[in-house]
Amino acid sequence: MLPPIFGVLFDGFAYGMLLFLLSVGQSVTLGMMNFINLAHCSFAMLGGYVTVLLVNRYGWPFFAALPIAFLAAALASVAFERTLYRRLYRASDLDQVLLTIGITFISVAAAAYIFTTAQQPLQLPAYLRGSLSFMGLDFAVYRLILIGIALAITALLVACLEYTRFGAKIRAAVDNERMARGLGIDVDRAFALTFALGSGLAGLGGALAIEIVGLDPSFAFTYLVYVLIVVSVGGLGSIGGSFAAAAVLGISDIAGKYYVPQLGAFLIYLVMVGLLMWRPAGLFGKR
Amino acid sequence: MAEPLLSLRKVTAGYGEAVVLHDVSLEVPENGSLAVLGRNGVGKTTLLLTIMGFTHLRGGSLAWRGRDISRLPPHRRAAGGIGWVAQEREIFPSLSVEENLIVASRPGAWTLAMTYKLFPRLAERRRNMGHQLSGGEQQMLAIARALMTNPALMLLDEPFEGLAPVIVEELVAAIKTMLAGGSIAIVLVEQHTDIALELTSEAVVLERGAVAHRAASKDLQKDLPTLDRLVGLRVATST
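These protein sequence lines map, in sequence, to chains A and B.
To convert, note that position 31 of the first sequence is 31 in this note's numbering; the numbers rise steadily by one, no gaps.
To convert, note that position 32 of the second sequence is 32 in this note's numbering; the numbers rise steadily by one, no gaps.
Treat the hints loosely; a few may be bogus.
Quick list of simulated restraints, FRET-style, between CB atoms [as the list claims (entries may be wrong)]:
(1) A:Phe166 <-> B:Asn31: 30 to 36 Å
(2) A:Ser92 <-> B:Arg71: 22 to 28 Å
(3) B:Glu27 <-> A:Val97: 44 to 50 Å
(4) B:Asp194 <-> A:Arg189: 42 to 48 Å
(5) A:Thr117 <-> B:Tyr15: 47 to 53 Å
(6) A:Val97 <-> B:Tyr15: 25 to 31 Å
(7) A:Ile106 <-> B:Glu3: 48 to 54 Å
(8) B:Pro73 <-> A:Val158: 27 to 33 Å
(9) B:Glu27 <-> A:Leu276: 55 to 61 Å
(10) A:Ile5 <-> B:Leu112: 50 to 56 Å
(11) A:Asp93 <-> B:Pro107: 38 to 44 Å
Derived from the structure by calculation, the hints contain no laboratory data.
Remember, predicted model here, so these are calculated numbers, not experimental data.
Built from N, CA and C at the ideal position, the CB exists for glycine as well.
Using the sequences provided together with the hints, build the complete structure.
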């Protein structure tokens, strides 16, 4: 028999993996181009609503909707990057914050206008709602799949960044943007692709989040806070850092709600403050 | 054949509001070699940065094989055939030696195998990360990295600065091998005037951001009064 703490760890880790998917793109964008994109979770929310629409209204299978959620968020982010963000790469932090928080407000209002402010239920097939019993504890199938997807994506991202020439270009651009340009690397294009990939992953995270935390127009703001916590605790531009931070914060959030309900959702902030006092640049951060 | 590889016409450039270069005109022919001399702070590095497109061009124009590149962004100039070896070497620390070499490589005569043959030390260090190299190895890597882009022109910014004499000899030999191939031109900014003049056929001396003197390198080598006046005593004592 496994003690119940394993159930808490499991739920916490699953939640952490969700936070990882939502935040990894933000971490890379901030680390690579120093662009503060507070609208990141609007792209995640877009992925969520696309999934709801496809599954509930058009009867798509859940797994077929996930790639579309990814694509929708990635393409929307490219459109914003080309038309608006690009102009502000060299602008001040305040300008970037004002633009992107404005986009977030607009996205929240647009979502409320189109989908109302009600929670969107997602009709999942029965096999995704069950759970597996293992040594006396129940593990939700959906959370197992969520963890599987997040681990697969982490492995894919790390492999892409560490072992491909495209990954080397991105690392070179993060190390020394001017030198990378001076050697002929099209840093803007590499960034646009990375940005699209990160936003796509946020869209996928938004789709996968519905079953765990629900979906309503406030999503873009609520999860922005968590994403920023994960990014700052993990360290800018570090996939490994985001992964570790998301896992630690997910587990401590669930464990806090389970064991110290008086503190409830507040524990995650205490963990953040503690970790940042220990390592001000984040777990894996360099600056 | 009349078109020079690179030509600068009355280039005035600097950073933001500050103007560093004034009315600089010069030409580098295909396979040519030009030494850029002068005291510290006369604008030698700024000249190279201007050729790359990293400075604010306020007047004049730059042409590459007869085409105006004055408004071309740096990465397009590099892709067009200008290789840049920066003063601080600027090796990518989170890339391995081999990744530093292939990250921006373009097809051509300088393959990984050829480059390792020129710098055998880099082959030994291929798995090391960029920040684990000695100064000399970093300089070799910086030159090798630019070579791997198979440039028609290489800009070298004080490649021998702060290196032990043995390493300098090794680098000079490598640059001579590189030039002997006959398909690459260089612009060499250097404080070691004697080495710079030995490696090049033409020379310009900058003073306060403007060209103060032009000569064939072998003539300038003998013209000690001019060198003394424009570059400093250090030359007189070392020749």
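Hints, one by one, checked against the model:
no., hint, in the structure
1, A:Phe166 <-> B:Asn31: 30 to 36 Å, "holds, 34 Å"
2, A:Ser92 <-> B:Arg71: 22 to 28 Å, "holds, 26 Å"
3, B:Glu27 <-> A:Val97: 44 to 50 Å, "holds, 48 Å"
4, B:Asp194 <-> A:Arg189: 42 to 48 Å, "holds, 44 Å"
5, A:Thr117 <-> B:Tyr15: 47 to 53 Å, "holds, 52 Å"
6, A:Val97 <-> B:Tyr15: 25 to 31 Å, "holds, 27 Å"
7, A:Ile106 <-> B:Glu3: 48 to 54 Å, "holds, 53 Å"
8, B:Pro73 <-> A:Val158: 27 to 33 Å, "holds, 31 Å"
9, B:Glu27 <-> A:Leu276: 55 to 61 Å, "holds, 56 Å"
10, A:Ile5 <-> B:Leu112: 50 to 56 Å, "holds, 52 Å"
11, A:Asp93 <-> B:Pro107: 38 to 44 Å, "holds, 41 Å"
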